[in-house]
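Construct all of the structure, not just a fragment, from the sequences and the given hints.
Residue numbers (this note's numbering), protein chains in the order written: chain A, 1 to 429; chain B, 1 to 429.
Each hint should be verified, as a subset may be incorrect.
When chains are identical, the list treats them as one kind, so a pair holds in a single copy or across two.
To be verified - No more than 27 Å apart at the CA atoms, straight line, and that leaves these computed lysine-lysine pairs for BS3-like:
#, residue 1, residue 2
1, K154, K342
2, K32, K62
3, K300, K43
4, K119, K344
5, K342, K205
6, K205, K20
7, K54, K89
8, K43, K205
9, K119, K89
10, K344, K100
11, K89, K425
12, K59, K32
13, K299, K425
14, K100, K119
15, K59, K78
16, K334, K119
17, K334, K425
18, K205, K154
19, K59, K205
20, K300, K425
21, K20, K43
22, K100, K342
23, K62, K164
The set of hints was computed from the structure by calculation and includes no laboratory data.
There are 2 protein chains.
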Amino acid sequence: MRIVKLEESSRRNLLELLLKRSPSQYGTFTDKVNEIVETVREKRDEALFAYTEKFDGCKVNKKNVQVTEEEIAEAYEKVDEELLSVIRKALVNIRAFHEKQRRYSWFDSDESGILLGQKITPLNRVGVYVPGGKAVYPSSVLMNIVPARVAGVKEIVMTTPPGKDGKMNPAVLVAAREAGVDRIFKAGGAQAIAALAFGTESIPKVDKIVGPGNIFVALAKKAVFGFVSIDSIAGPSEILVLADETANPRYVAADLLSQAEHDEMASAILVTTSEALAEAVNKEIEGFLEVLERREIIKKSLDNYGHILIADTMEDAIEAANDIASEHLEIMTKDAFTVMTKIKNAGAIFIGEHSCEPLGDYFAGPNHVLPTNGTAKFFSPLGVDDFIKKSSIVSYSREALEPVHEDIMRFAAQEGLTAHRNSIKVRFE
Amino acid sequence: MRIVKLEESSRRNLLELLLKRSPSQYGTFTDKVNEIVETVREKRDEALFAYTEKFDGCKVNKKNVQVTEEEIAEAYEKVDEELLSVIRKALVNIRAFHEKQRRYSWFDSDESGILLGQKITPLNRVGVYVPGGKAVYPSSVLMNIVPARVAGVKEIVMTTPPGKDGKMNPAVLVAAREAGVDRIFKAGGAQAIAALAFGTESIPKVDKIVGPGNIFVALAKKAVFGFVSIDSIAGPSEILVLADETANPRYVAADLLSQAEHDEMASAILVTTSEALAEAVNKEIEGFLEVLERREIIKKSLDNYGHILIADTMEDAIEAANDIASEHLEIMTKDAFTVMTKIKNAGAIFIGEHSCEPLGDYFAGPNHVLPTNGTAKFFSPLGVDDFIKKSSIVSYSREALEPVHEDIMRFAAQEGLTAHRNSIKVRFE
Chain A
1 MRIVKLEESS
11 RRNLLELLLK
21 RSPSQYGTFT
31 DKVNEIVETV
41 REKRDEALFA
51 YTEKFDGCKV
61 NKKNVQVTEE
71 EIAEAYEKVD
81 EELLSVIRKA
91 LVNIRAFHEK
101 QRRYSWFDSD
111 ESGILLGQKI
121 TPLNRVGVYV
131 PGGKAVYPSS
141 VLMNIVPARV
151 AGVKEIVMTT
161 PPGKDGKMNP
171 AVLVAAREAG
181 VDRIFKAGGA
191 QAIAALAFGT
201 ESIPKVDKIV
211 GPGNIFVALA
221 KKAVFGFVSI
231 DSIAGPSEIL
241 VLADETANPR
251 YVAADLLSQA
261 EHDEMASAIL
271 VTTSEALAEA
281 VNKEIEGFLE
291 VLERREIIKK
301 SLDNYGHILI
311 ADTMEDAIEA
321 ANDIASEHLE
331 IMTKDAFTVM
341 TKIKNAGAIF
351 IGEHSCEPLG
361 DYFAGPNHVL
371 PTNGTAKFFS
381 PLGVDDFIKK
391 SSIVSYSREA
401 LEPVHEDIMR
411 FAAQEGLTAH
421 RNSIKVRFE
Chain B
1 MRIVKLEESS
11 RRNLLELLLK
21 RSPSQYGTFT
31 DKVNEIVETV
41 REKRDEALFA
51 YTEKFDGCKV
61 NKKNVQVTEE
71 EIAEAYEKVD
81 EELLSVIRKA
91 LVNIRAFHEK
101 QRRYSWFDSD
111 ESGILLGQKI
121 TPLNRVGVYV
131 PGGKAVYPSS
141 VLMNIVPARV
151 AGVKEIVMTT
161 PPGKDGKMNP
171 AVLVAAREAG
181 VDRIFKAGGA
191 QAIAALAFGT
201 ESIPKVDKIV
211 GPGNIFVALA
221 KKAVFGFVSI
231 DSIAGPSEIL
241 VLADETANPR
251 YVAADLLSQA
261 EHDEMASAIL
271 VTTSEALAEA
281 VNKEIEGFLE
291 VLERREIIKK
301 SLDNYGHILI
311 ADTMEDAIEA
321 ANDIASEHLE
331 IMTKDAFTVM
341 TKIKNAGAIF
351 IGEHSCEPLG
361 DYFAGPNHVL
371 PTNGTAKFFS
381 PLGVDDFIKK
391 SSIVSYSREA
401 LEPVHEDIMR
411 FAAQEGLTAH
421 RNSIKVRFE
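The structure is reproduced here in C-alpha cells:
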C-alpha cells in the first residue's frame, strides 16, 4: 500500500478520490431506470414479469412469483447445517442488540391540563431487497429483517432475483425465514423496487424499502423516494484503522484486507502516528496476499483506494478519520476509549485489538448495514429507528388555552393567516 | 363542502385525488433543476450569483451575500414589537418540547469484556432553507432552527431569497436570530440548495438541508440527497377532523378552514359518524366564508380537496383516517384519548375540542413541520432525531472473542469471504 504523509493536501486528495465512488454520481443510467420504474408503476405485474424475463432470464407469473413453503423446505434441505447453526447463534445477538434500541411513546403533562408527547408506531409493511448474483450474503438478510421485526412492523416482504431456472439461493431463503420474513417474491433490479413502491397485483405496496443493490437498484430507490421511504443508498465498503505504535501490525493488515476483499471499489485506509507500524503492516499485507483466495480483488482495491497516512500527532489522525467518516473505524491505540470520545463520524467504531470488523459483520449484534462514502457525517446504521415513525400529541384544556389564546391569535394575524386566528377565536366568543 | 358516504370506493377515489398533489409527481422541471444544481456545483459563487440575479432580480456578490449584523439590527427596528414578544413566548415552549426529545449515547456490557452501544453525535453543520415570496412564516423559521440547536448542531446556516432591492424580510431575520441561527445568506431556489449541498466560496457545505420551498427547491433537495441528508419533501397542508355527534360544529368548521386558507392545494377533510354534524359544519362554513379574508383561496381549496365523509361506525372513520394519514388530525369525539390509541398514521394528533391545529402551528411546542400527503405512514415530524446520527460501538476482549471465534470464521467462510475469516484467525494463531 502506498504510504503518504498526512497533510492538508493529501487529505483533500484522498477525500476527493473516495467520494468519486459515490453511487450518487452515476447519472448515466437514470433515464433507463426511470423508464423501468414508470412502466412497472403503470402496467404492474405485466411489466414486472416482462422485465424479470428480460433481465434475469426467468419466466415468472402470478402463480409462481411468490416463493412457496415447499421451496423454503427445499432450501432447508440444501443449506449447510453448519451455516444454519451459526445463523441461529448470530440471530440471538442481533435481536438482543436491536431490542435495546426500542423506542417508547412518551408524554409530559402539567396540571393546567396540557398533555404533549410523541406516539411511536411501527411501519405497517416493509420491503427488503436482497441482491442476487455472485455476492450473496445471508448475514445481510438477517441485518435487514431483524430491526424491522423488533420494531413491530406488521408485514415484511422480501424480493430477490430468481436464477434462470427460477430457483432462489437456499442460504438466502433460510436466513430470511429464520429472521422472520413474511413473504418472499422472485423479483430483482429496478423493477422489484418499483413493484414494492407502487404495488402490483402480486406484490403488495410497502411503506419503506431497505437493502443493498446494484446501481439500478440504487437509482430506482432514489426515484421512488417520497412515494415510500428508503434506507440510505449503500456505496462500496470501507475500513479505516486508527493505530499507534502499540498496534499489532498483523492484526491491522488482516483487518484492512478483510474490507479490501469486498470489491475493487472498496477502500482500506490506515491512519497512524507510527512509521514503523506502517512499514510492518505493509510487510504483513505482502505475506497475506500470497495466501488469500480473493487476492486479485484485494490487489485492485488496494491499488485504487488503499492508503496509509502517517500523521504527526494522534489529534491529526483523529481529525482525518472524522473527515473521511468511514463506514467501519477500528481504533487500535493506547487509551482507545478516550480516542473514541473524539470520533464524530463513523458508521461503526471497533475498539481495541480484539474488536475486528468481521466480528461486527456477523456476530456481535450491531447492524452491519452502515453509512458509506462519507455519509456517516449525517446517516446512521440501520436500526429500529428506521422502522418506526412518530406522531406528535397535543392536548390542551380550555383552562390551559385561555391564558395564551390571544398570543396565538396575534402570531397568526402577523402571518396573515386569519382563518388560523379564527380557529382560536371561536373558542372564546 | 361535498358530503359523501364513506365507502371503499369513495375512500379510494379520495386517496387518489389527494396523492395527485404529491410534489414527487412534478417531473417536468427536473432537467431544469438538475442543470442549475450541476452549474452551481461546478462554478460555485459565480453561478449562484448569476442565478440570484436572474431569478430574484437582485445583484449579490461575495461582499454582501451574507446578512450583516447591521442588517439584522435594522430588522429588529422594523419588526412589530408584538410579534417579537410572541416569538419569544413561543420559543420557550418549542425549546422545552424539543429538549424532551434529546437522545443519549448508551452502552451495555457483560463481565466477559463485551461492550456494545450507540454513540449519539449531533450533525456538524445544517442548512435551513426559508422561502421568500408571499408566504413568509417566521413560525417556520423557529420550527426548523430550534430542533437543530437543541440537538447540538455546531453551526446553523440559513438561506432565503433576497428582494429585488437586496432586502430581506425583517420578521424572518428576527425569528432566525431569536431561534439561534449562526449565519444567514441571500440565496433562494435550487441554486441555494446546490450551494448548501456542495459549498461555494461564500456558502459553506452543510451535512443536512431542511426547510420548505417551492417545486424547484423540492426537486433540488431530491437531486442532492445522498451528497447531504434532507428532510422529507413538504407537500400542501392538510387537516383531517375525526368527529362524532358530541363535536361542536363551529369549532370543526373553523379548524377545517384554518388549513384550507393555506393554498388552493390544501386539503380539509371531516370524517364523522354524524350526518347532523356534517350538515351543521357545512352551515358554519358558509357563515365563516362571508367574513374570512382569505375566502377566495379557501373556496378553491374546499372545491378541490374539501370532503365530508359520513362513516357508519367510528371504527370505519378511524380506518379512513389511518388510510389518509393526514398531516394534522384533530379528534373531537367521546373518549378522544381512546380513539387516539387506534391512530396509526398522522403527523400530529390534536385531542379534544380545545386542541385546535393553530395551537400546534404556533405555540404548544411540538414541531409544525410535519409529513404531508400520506407520508405520515413512514415519515415523522421534524425533531431532534433529524439532527443527530448514531455510530455503533463494538468492543470485545480476547476472553469474549475466544469462545465464538470459530463460529464467526465459519460464517465468513460460508459467504466466501476468506479475508474476513483471516481477520479472526490471526488473533488465535
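Hints versus structure:
no.	hint	result
1	K154 - K342	between (39 Å within a copy, 15 Å between copies)
2	K32 - K62	within (25 Å within a copy, 40 Å between copies)
3	K300 - K43	neither (42 Å within a copy, 34 Å between copies)
4	K119 - K344	between (30 Å within a copy, 9 Å between copies)
5	K342 - K205	between (43 Å within a copy, 22 Å between copies)
6	K205 - K20	between (34 Å within a copy, 17 Å between copies)
7	K54 - K89	neither (39 Å within a copy, 62 Å between copies)
8	K43 - K205	within (14 Å within a copy, 41 Å between copies)
9	K119 - K89	between (33 Å within a copy, 25 Å between copies)
10	K344 - K100	both (22 Å within a copy, 23 Å between copies)
11	K89 - K425	between (62 Å within a copy, 19 Å between copies)
12	K59 - K32	within (22 Å within a copy, 40 Å between copies)
13	K299 - K425	between (72 Å within a copy, 21 Å between copies)
14	K100 - K119	both (18 Å within a copy, 13 Å between copies)
15	K59 - K78	within (23 Å within a copy, 70 Å between copies)
16	K334 - K119	between (44 Å within a copy, 20 Å between copies)
17	K334 - K425	between (65 Å within a copy, 23 Å between copies)
18	K205 - K154	within (13 Å within a copy, 39 Å between copies)
19	K59 - K205	within (22 Å within a copy, 48 Å between copies)
20	K300 - K425	between (70 Å within a copy, 23 Å between copies)
21	K20 - K43	between (36 Å within a copy, 18 Å between copies)
22	K100 - K342	both (24 Å within a copy, 25 Å between copies)
23	K62 - K164	within (17 Å within a copy, 59 Å between copies)
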